[in-house]
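**Q** Residues per chain, in single letters:
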Amino acid sequence: RKEVEQDPGPFNVPEGATVAFNCTYSNSASQSFFWYRQDCRKEPKLLMSVYSSGNEDGRFTAQLNRASQYISLLIRDSKLSDSATYLCVVNRGNRDDKIIFGKGTRLHILP
Amino acid sequence: DAGITQSPRYKITETGRQVTLMCHQTWSHSYMFWYRQDLGHGLRLIYYSAAADITDKGEVPDGYVVSRSKTENFPLTLESATRSQTSVYFCASSESSGGYNEQFFGPGTRLTVL
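Which chain is which? The protein sequence lines are F and U, in order. For the first sequence, my numbering assigns the number 6 to the initial residue and increments by one for each residue that follows. For the second sequence, my numbering assigns the number 402 to the initial residue and increments by one for each residue that follows.
Just so you know, the hints here were simulated from the structure itself, not pulled from any lab data.
Among chain F residues calculated to face chain U with C-beta under 10 angstroms, some are: (1) 9; (2) 36; (3) 37; (4) 41; (5) 43; (6) 47; (7) 49; (8) 92; (9) 96; (10) 97; (11) 106; (12) 108.
Some chain U residues judged to face chain F by a derived CB distance under 8 angstroms, without partners named: (13) 432; (14) 444; (15) 500; (16) 503; (17) 508.
Note that the coordinates shown come from a computational prediction; the quantities given were computed from them, not determined experimentally. Beta carbons: idealized from backbone N, C-alpha and C, even for Gly.
Required output: the full structure, derived from the provided sequences and hints.
**A** Dropping the structure here:
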């Protein structure tokens, strides 16, 4: 099983719709979880951290399910500007300084 | 301007040549990282540094050398470039442990090895 797995997509979603991505991770010792966003030919940027209790930032909601070892990202009322690749990021746990990036899920918001 | 910068932004070189990619950050972040991004592989860690004069290997270190004599600089050298090192290289920094904190990425260097 790969350390971090994501559906590569693309997800083609009409503007205004709700879309959700999942990401699974294999290391049960992982303690930190993030979603990064990467626009075409640009650098990745942090979208949000994922906390055990779940967290929300405007139209974006992130959830963590430790028992099933996955994290999710929900985007409500999607905008054209949400078109990007979303990278799931997980640390290796055990106070490891390194993080592992998923290969990303491509999202296209259609007008 | 504050931030993290990389140079050059684009580089074309030939097989066997030595190439150095530069990374500079103005935040005095302790941690710095080098990643490469290739289609089908996502971002992979090459080397990282927890502080000046402390470096460690990542997932794909072969063929690369790093140094960190100053906190703000973290150059990456390809000692003898190969075609398989054609990639987009991102430098990143974080205030403390990279496993627990946001990493800030530079704009990337697109390297082509002919």
